[in-house]
Amino acid sequence: MQPTFNPWLGYIYMIESVDTFVFLDNVQFERRSWQSRNKIKLQDKTFLLGLNLQKAPQKTSLQDILFEKDDKWKIKFLKTIHHAYSKSINFNKYYNILEKALFKHTHLVQFNMELIRIYCDHLNIKTPIIQASSLNLKNEKKEKLLLEICQVLKADHYLSPEGSKNYLEKDTAKEIFKNVNIKIEYFDFIHPTYTQLGVNFIAYLGVLDFLFNEKEPYMKFQECIKINEHNA
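Count along the sequence shown from 1, then add 1; that gives the number in this note's numbering.
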């Protein structure tokens, strides 16, 4: 999976669901994607919060994408988070983590990966997480890249997000996985309701919303695991 900014709760559950999780940190950067923006709740509505990035040529690798140099945007970014979540029960804890990581990193992908690892640690997720860039891979085409990762890791199952179905279900992609006895399964997730600020519950926000608002996020996440395992 690509290391996205503030991924939704299902992304975090997917990490918990597998034996090994791989960050696709060496894929092409995609503008206006979840790599650099995601949803939070602000004034009881969905708000799309983005990170300011330096301009880069097309086909630039995600690894090479840099934050905008002027830190003024980071202050504005954090003010938006403060405005949205300052009344949340876990605000100070996760705001401090976010602020520290934001000013520590210059590269988007390093920032995203550190935060995801921290979130997993706080939810007691022990799944090994590795970076595709560390595997010396040769393929760049999506399905061949995924297949090569599975082969390097000696995997016999690949758990895929639904968004990848459009190219993994093509005959050529299905065939190359089938030929080496690797089974493709598609990820399904029952989204829980949890404590939120405001009147209306909004699902599919970034995981920060869950961590800020749920009094005991680890315990609530365990409930989420049980519900989804029962549904499997």
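Accuracy of the hints is not assured; some may be wrong.
As the list claims (entries may be wrong) - In silico DSS-like pairs for lysine-lysine, Cα to Cα no more than 30 Å straight-line:
#1 K179 <-> K88
#2 K184 <-> K155
#3 K60 <-> K175
#4 K142 <-> K155
#5 K105 <-> K40
#6 K139 <-> K101
#7 K127 <-> K171
#8 K94 <-> K73
#9 K142 <-> K184
#10 K127 <-> K101
#11 K143 <-> K127
#12 K73 <-> K56
#13 K80 <-> K179
#14 K94 <-> K105
#15 K77 <-> K60
#16 K139 <-> K184
#17 K60 <-> K127
#18 K88 <-> K56
#19 K88 <-> K40
#20 K88 <-> K60
#21 K216 <-> K184
#22 K60 <-> K46
#23 K171 <-> K184
#24 K73 <-> K88
#25 K40 <-> K166
If you are wondering where the hints come from, they were derived from the structure by calculation, not from laboratory data.
Do the hints match the structure? See the list:
With a C-alpha separation of about 51 Å, the suggested pairing of K179 with K88 is violated against the 30 Å cut-off. Taking the CA atoms of K184 and K155, the gap is about 12 Å. The hint holds against a cut of 30 Å. Annotation: proposed proximity of K60 to K175 holds, straight-line Cα distance about 26 Å (limit 30 Å). Using a Cα cut-off of 30 Å, the hinted pair K142 and K155 holds, with the two alpha carbons roughly 20 Å apart.
As the CA atoms of K105 and K40 are separated by approximately 23 Å, the hinted pair is consistent with the 30 Å bound. For a cut-off of 30 Å, the pair hint linking K139 to K101 is broken: about 35 Å separates their Cα positions. Among the hinted pairs, K127 with K171 is inconsistent with the structure: their alpha-carbon atoms are about 33 Å apart, more than 30 Å. A distance of roughly 23 Å separates the Cα atoms of K94 and K73; the hinted pair therefore holds under the 30 Å criterion.
Between K142 and K184 the alpha-carbon distance is near 19 Å, which keeps this suggested pair within the 30 Å criterion. At most 30 Å may separate the alpha-carbon atoms for a hinted pair to count; K127 and K101 meet this at roughly 23 Å. A C-alpha spacing of about 27 Å is found between K143 and K127, which places the hinted pair at or below 30 Å, so the restraint holds. Restraint check for K73 and K56: satisfied, since their Cα atoms lie roughly 17 Å apart, inside the 30 Å limit.
A hinted pair counts as satisfied when its Cα atoms are at most 30 Å apart, and K80 with K179 does not qualify at roughly 50 Å. Among the hinted pairs, K94 with K105 is consistent with the structure: their alpha-carbon atoms are about 17 Å apart, no more than 30 Å. Between K77 and K60, the direct Cα distance comes to roughly 29 Å. Compliance with the 30 Å bound is thereby established for this hinted pair. Only pairs whose Cα atoms come within 30 Å are accepted, and K139 paired with K184 is accepted, the gap being roughly 22 Å.
Under the criterion of a C-alpha separation no larger than 30 Å, the hint pairing K60 with K127 is inconsistent with the structure, at around 33 Å. For the given pair, K88 sits about 35 Å from K56 by alpha-carbon distance, which is inconsistent with the 30 Å threshold. Distance restraint check for K88 and K40: the Cα-Cα separation of roughly 18 Å lies within the 30 Å cut-off, and the hinted pair is therefore satisfied. Our distance criterion of 30 Å between C-alpha atoms is broken by K88 and K60, whose separation comes to about 41 Å.
As the CA atoms of K216 and K184 are separated by approximately 38 Å, the hinted pair breaks the 30 Å bound. For the hint pairing K60 with K46, the CA-to-CA distance comes to about 34 Å; that exceeds 30 Å, so the pair is violated. A distance of roughly 14 Å separates the Cα atoms of K171 and K184; the hinted pair therefore holds under the 30 Å criterion. Between K73 and K88 the alpha-carbon distance is near 24 Å, which keeps this suggested pair within the 30 Å criterion.
Distance check on the hinted pair: K40 and K166 sit about 23 Å apart at the alpha-carbon level, within 30 Å; holds.
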